[in-house]
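Protein chains in written order, with our numbering: chain A, 1 to 449; chain B, 1001 to 1701.
Hints are computed from structural coordinates only; laboratory data are not their basis.
Careful: at least some of the hints might be erroneous.
What the hints assert, rightly or not - Derived lysine to aspartate or glutamate pairs resembling EDC-like cross-links, with alpha carbons at most 20 Å apart:
id	chain 1	residue 1	chain 2	residue 2
1	A	Lys335	B	Asp1042
2	A	Lys335	B	Asp1498
3	A	Lys328	B	Asp1042
4	B	Lys1213	A	Asp14
5	B	Lys1428	B	Glu1382
6	B	Lys1213	A	Asp42
7	A	Lys328	B	Asp1211
8	B	Lys1197	B	Asp1177
9	A	Lys335	B	Glu1221
10	B	Lys1398	B	Asp1498
11	A	Lys38	B	Glu1221
12	B	Lys1213	A	Asp443
13	A	Lys38	B	Asp1211
14	A	Lys335	A	Asp306
Note that the coordinates shown come from a computational prediction; the quantities given were computed from them, not determined experimentally.
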Amino acid sequence: MATNYNTEVSKGIDWVIVWLYALLVAIGILCIFMVEYKPGVDVLSTFLGGKTNYSKQFFFFCLSLVIATFILLSDSKLFTAFANLFYAFGIVLMLATFVIGKDIKGSRSWIPIGGGFNLQPAELCKIFAALALAKFLARQETDFTKLKSQLIAAAIALVPAVLAIGQNETGVALVYFSFFIVMYREGLPPALLIIGFSFGVLVVATLLLNPNVLAIALTVIAGIIIYVLRKQIKRSKNLLVAIIGIWVICVGIQRFAVPYIFNNVFQCYQSTRIYSMVGKEYDCSQNRSNKKRANDKEKAAKKPDDYNVRQSKIAIGSGGLTGKGFLKGTQTRGKYVPEQGTDFIFTSLGEAFGLSGCVAFLGIYLFLLFRIITIAERQRSTFSRVYAYSVASIIFFHIVVNVCMTVGLCPVIGIPLPLISYGGLSLVDFTILIFIMIRLDADRQMVLR
Amino acid sequence: MSVFNQSRSGVIKIIFGIIFIIIIGQLVNLQVLSKKYKIEADNNAIYRRIIYPDRGIIFDRKRRAILENTITYDLVVTPNETKGTDTLGICNLLNIDTAAYRKRMKDLIFKNGSVRPSVFEPLLTPEMYAKLYENMYKFPGFILSDRSVRTYPYNTGAAVLGYTSEVDTAFLRRHKDEGYESGDYVGLTGLERSYEKVLMGKRGVKRFIRDNKGRIQGPFEKGEFDTTAVAGKNLYSSIDVELQKLGEKLMTNKVGSIVAIDPRTGGILCMISAPTYDPNYLTGNQRKKHINEMLLDPRLPFNNRAVGTKYSPGSTFKTVSGIIGLTEGVINEQTTISCSGYFPGCGTGKPKCLDKGTFNFIDAVAHSDNTYFSTVFKKLLEQPKYGGPDSGLTVFNKYVTSFGMGQKLGIDVPSEKRGNLPTSSFYKKKNGGKFYACNLISNAIGQGEVETTMLQLANVMAIIANKGWYYTPHIIDSIENGDEFNLLDNFKIKHFSDKRIPESAFLAVQNGMQAVVDYGTGVRSRIPDIVMCGKTGTVENYDHGVKQQDHSFFGAFAPKQNPQIAIAVICENAGQGAWAAAPIASLMVEKYLKDTIRGNERQAMLKEFENKNLIPAKMRKQIAIMDSIKQAREARLLELEREKEALDTLEEDAFDDTLINNPKPRPIAPKPANNNKKVLTTSAAILTDERKNFLKKNAKA
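Can you make the complete structure from the sequences, with help from the hints?
Structural data, given as structure tokens:
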């Protein structure tokens, strides 16, 4: 009887993903151990003592396994049935944080749940948003080629993002943009991606170049295009109008929109981080937050904001080809990198194991992502597929933003490295995300709505 | 629809792949292509602690250490660990007030941070160390850390031995690749400088890992890259420390120099530059103050007068011109020349001679007859075979050069001067293209433009003693475990004076010099049962055109058979050679050869010269001016102090009138014995004693 039951539960489970999951969590605990390690400490007793972070992470891993088991034991219909309800619950929780939220590190996005633990609804809401999006796209009546459906899908993804920004959690909010990858897969016109990409290039160019130089460059590019396409333009005047229109928009963005956003939408520290990433200094006196309280001069003059990134780059860069070896990272042992256990966990790996270790580690991640896409593509039901793509997109986005941040390719945004960074909630969060997908995949022969 | 969009899964995979490749590209850039991060990480995390080896010890000829190391203690504090320290207690022990304590603490935290140890009070005195040591348990955060400093057990040889000093940026720039770092001590003067390479040893480096606050976390790589310190090599010198001490004693309250050479080896037996000072005066924690004090002294105690000052050699040069005259056949030992009071050859009535009469060569040397040697010199330059007095001078100079004059001898003490040996073109320029022997006739008696250092003069005496050869004078004979930098090679080459000089010429001069001591000008310097050969010199000199008291010169060697010591003495502005320099030289020679000064008469002479004050008049004047300025300043300070005290005690109305009746005695000179943080028995800088005596005399007068 028991064996029967077992086989029934484990039937259809994709063990590759499960093993990858376990491997990554193990690497994560190892990384936290490297960060926390002090010579001359009894490793086993501290590991089981629950006092150190690696020990805590280990216990959270145990908790995650329990949760994972529960998810695997549950019925996949549960997730389709309650998807919208979960989503609504998540939104309510996020709204509730505005009232009962606790201030941690400047962002009011945590709800204390007793026992010293805190809950961040913005994190949890990713799962709910993924489920809700899957539910919406899987509806029979949804025609994703229609603009209306696309807008509703975007709204499902972005409402939690807006709330997160309201809670001063820009990093978490950005994650919700990863749902556009899912939507692209489900038929969002590729032009949107191209436009989005061009917009990104334009913003970076605006930061890097003198406004006038960039304006001239844009004009020259427009002129060249008009010259190249002069024959087609003769045939249709609309093309010329389109080109000029695009040119006007581009110049408008670089002249007015970008400076406006940096000075009036972003906080001073955010603008500074983005500028420091491209190697420039941001003049905080132009910022709205500073104009409001001009007397608060000292804050603007604190130590350079790129200290974290510099130390992080030193840690990774000093690893060299093969790294300094396990527990031999001087940057790690000297605690030079702030937040090394959480957001900058990648540095400990990069320092200890060097380029080879990093490539191997990223390879595991990429393998996991490709595996999830493979799983997504073998689903019969749209719901499962969309959900799996959401999982891949969320994990991908986390990895890219986090690793790019540590190697200095993008500004410092406080989001964790999935399954690696220290943080019980984050680990549980990703466990739930992944194991719901495994559960759905186990029932891939079913058509879920 | 899903089928229609299936190709997009591939696109998404490609996007994922591309972005991962971009990340890996950046990783390659950071980890492989860019080298700076590795260096920066090391700069961050690796703390190199230099382990200083003991510097080498310098021994005298009888293996007595004259410059060695001793341990002193620094009081070191880690500011953030001082919670609960008995601040008042430590202030009392260090004789500072709590305000000073707080200020020092603040400065240290500003300079070195609060988690790293910094030196709170360097170079503690033994008493202070003892007091602190007993009470350390009251002062958490403070520790006593030892360090090695130089000490001069015989308090002697300051100018020769030299001192070490912390390196400055200019030095670091000059010695970029030699591994010095700021905070290191290097030999700045004397032997400490010449033999820096050997004495310094090899520093060890210990590497530690430190954290982001600079706290030491433990050894780096278990000390695999650490190197151990190798102590500096010991040096064995030819100095005779007793002779050196006697020389310094005899030169107390005099300005001048003594150099003694062992003619057989070229080893320097003693080198005194007066005024001298106790070298330990420059090692304590008052060192800066003391250095400044001495830099202001008009007698220039830092000038090593044995090698760094040029003098006209005076009549001592007659030995050389005599030898050349004999060699060139201008005269022989039997040649007699008479003097009626002056040299008639040039029609100027100069130079004058002191003893009238007719002299043969030996008596001319013995009585230092100016006419005799002027005649010889004039005849020599005007010898027809040279074809003119200017080429005559060239021949003469060639001889003189072979005696080591007019050039650096290459002794192992820094800042040696060349002296001066003017050429005929110099005189031609001076006299409008013409050249007559009479223009430089005073060179014959060492009074013209010819200048030597005392070292050169002592070396000339050694050459005469050896009858024609010498080794380059040097202080260090050998280096422990071999001379790896070939510093001593030059001292092993035997040099010869001009080979044309026959032994008979040397013998004649030796006989003359013996006569000087036996019945000539230097008769006061006769030593019972030692046959000494010497030559007095009385050198006219001018300060800014104003004639000063003559310099007193004496050059000698002894014993005549198998000479063991060659010596040159100068007492600046002390009158005739026979008055000061000759007796001092004779006392030195006796001490060296017989190990003691024998007989009451000689002992009395020793006492007399120890106590004689022969400081040149112009220097006395300058010292007096300086002292009066100082006195005025101190009086002013005392007044201020009194005013302050008066204010403080105003309420109690207890005015301390003892201060007015018995004003605080003016500190005549700083008593370094109190400041000096050493367990040294003897006094303090000789300087200050001198000054005290001098002031006493002034008071009496």
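Results of checking the hints against the structure:
| no. | hint | result |
| --- | --- | --- |
| 1 | A:Lys335 / B:Asp1042 | 14 Å, holds |
| 2 | A:Lys335 / B:Asp1498 | 75 Å, violated |
| 3 | A:Lys328 / B:Asp1042 | 12 Å, holds |
| 4 | B:Lys1213 / A:Asp14 | 48 Å, violated |
| 5 | B:Lys1428 / B:Glu1382 | 16 Å, holds |
| 6 | B:Lys1213 / A:Asp42 | 25 Å, violated |
| 7 | A:Lys328 / B:Asp1211 | 13 Å, holds |
| 8 | B:Lys1197 / B:Asp1177 | 13 Å, holds |
| 9 | A:Lys335 / B:Glu1221 | 17 Å, holds |
| 10 | B:Lys1398 / B:Asp1498 | 8 Å, holds |
| 11 | A:Lys38 / B:Glu1221 | 14 Å, holds |
| 12 | B:Lys1213 / A:Asp443 | 55 Å, violated |
| 13 | A:Lys38 / B:Asp1211 | 12 Å, holds |
| 14 | A:Lys335 / A:Asp306 | 16 Å, holds |
Against the hints set out earlier in the document, violations occur for numbers 2, 4, 6, 12.
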